[in-house]
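Trainee: Based on the provided sequences and hints, a complete structural model is requested.
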Amino acid sequence: MGATASPPPDARQRAFRSCGIAPSVARRAPARVGPAGGFTLIEILLVIMLMALVTSVMITGSNALFNSSQNEDPEEAMLSLLQKVRMQAVEDSTPLDLVTVDEGQTWFYGDNHEMTMPVVDGVKVGLIKAEGANAILLGGIMEETPVTTLRFYPDGTCDPVRVQIQRGRERRVLVIDPWTCAALPETSGAR
Numbered sequence: 001m002g003a004t005a006s007p008p009p010d011a012r013q014r015a016f017r018s019c020g021i022a023p024s025v026a027r028r029a030p031a032r033v034g035p036a037g038g039f040t041l042i043e044i045l046l047v048i049m050l051m052a053l054v055t056s057v058m059i060t061g062s063n064a065l066f067n068s069s070q071n072e073d074p075e076e077a078m079l080s081l082l083q084k085v086r087m088q089a090v091e092d093s094t095p096l097d098l099v100t101v102d103e104g105q106t107w108f109y110g111d112n113h114e115m116t117m118p119v120v121d122g123v124k125v126g127l128i129k130a131e132g133a134n135a136i137l138l139g140g141i142m143e144e145t146p147v148t149t150l151r152f153y154p155d156g157t158c159d160p161v162r163v164q165i166q167r168g169r170e171r172r173v174l175v176i177d178p179w180t181c182a183a184l185p186e187t188s189g190a191r
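Under my numbering, the first residue of the sequence shown carries the number 1, and numbering increases by one thereafter.
No lab work stands behind these hints, which were simulated from the structure alone.
One should not assume that every hint holds.
[Said to hold, decoys possible] Simulated restraints on C-beta separations:
id	residue 1	residue 2	range
1	T60	E131	34 to 40 Å
2	R167	T94	31 to 37 Å
3	F39	Q105	58 to 64 Å
4	P154	T55	42 to 48 Å
5	T149	D177	17 to 23 Å
6	A182	D97	17 to 23 Å
7	A182	V54	37 to 43 Å
8	D111	D177	22 to 28 Å
9	Y153	V173	37 to 43 Å
10	I42	F108	53 to 59 Å
11	H113	A52	36 to 42 Å
[Said to hold, decoys possible] Listed next, the in silico SDA-like pairs over lysine to any residue satisfying Cα-Cα at most 25 Å (straight line):
id	residue 1	residue 2
12	K129	W179
13	K124	P178
14	K129	Q105
15	K124	P154
16	K129	V175
17	K129	L79
18	K84	Y109
19	K84	G126
20	K129	G168
21	K84	P154
Here the structure is a predicted model, which is why all the values come from computation and not from measurement.
Beta carbons: idealized from backbone N, C-alpha and C, even for Gly.
Mentor: Structure representation (structure tokens):
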């Protein structure tokens, strides 16, 4: 009989032959590639969680780190103490006395609350009376009568007082507003 006829080559096989590729190679499936090299979703999520954890620790811990490395200024400590006692008097709805027994180093108020002022060489902070009638000059430095007890009222007010800041030979006086217990802006005429 005769030779069996092979099926006519389709267009694809003709294209391969025209390029010089044998049809048996063209029909072969591509070689199997190993597993894809990359990170799984779980690995990526673990890394993100670790980064979030480290960031949260750094953010919350940095506040304590910065506060412990800086010495608090006695002037700022005194002004914040005045506001703290004022808020305590308002919250308790009762008058509170801020009292010192050791020349303004330790202050007591309310039910067994106390605050010790930070010590900085050459800086002395204290409360003095609102009027400057009892001032004396000692060695070129003006000294005024210190206030050992300051009363805060439940409506958020306090007795009139001033804060004296002595840095070396330089003296500054801040007038405390009796309505807000905060320091008034300094003016050249304020005593």
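Trainee: Next step is simple, just say for each hint if it's right about the structure.
Mentor: Here's how the hints hold up against the structure:
1. T60 - E131: 34 to 40 Å: For E131 against T60, whose Cβ atoms are near 47 Å apart, the range 34 to 40 Å is violated.
2. R167 - T94: 31 to 37 Å: holds (36 Å)
3. F39 - Q105: 58 to 64 Å: For Q105 against F39, whose Cβ atoms are near 60 Å apart, the range 58 to 64 Å holds.
4. P154 - T55: 42 to 48 Å: holds (43 Å)
5. T149 - D177: 17 to 23 Å: Taking Cβ atoms as reference, T149 and D177 lie about 19 Å apart, which means the hint holds.
6. A182 - D97: 17 to 23 Å: holds (19 Å)
7. A182 - V54: 37 to 43 Å: holds (40 Å)
8. D111 - D177: 22 to 28 Å: For D111 and D177 the Cβ distance comes to about 26 Å; the hint holds.
9. Y153 - V173: 37 to 43 Å: Once the Cβ atoms are compared, 23 Å apart, the range 37 to 43 Å for V173 and Y153 is violated.
10. I42 - F108: 53 to 59 Å: holds (58 Å)
11. H113 - A52: 36 to 42 Å: Taking Cβ atoms as reference, H113 and A52 lie about 38 Å apart, which means the hint holds.
12. K129 - W179: holds (16 Å)
13. K124 - P178: holds (22 Å)
14. K129 - Q105: Holds - the C-alpha atoms of Q105 and K129 are around 17 Å apart, at most 25 Å.
15. K124 - P154: Violated - the C-alpha atoms of P154 and K124 are around 29 Å apart, more than 25 Å.
16. K129 - V175: holds (10 Å)
17. K129 - L79: holds (16 Å)
18. K84 - Y109: holds (10 Å)
19. K84 - G126: Within the cut-off at roughly 16 Å; holds.
20. K129 - G168: holds (21 Å)
21. K84 - P154: holds (13 Å)
Going down the numbered hints, you'll see the structure goes against 1, 9, 15, while the others check out.
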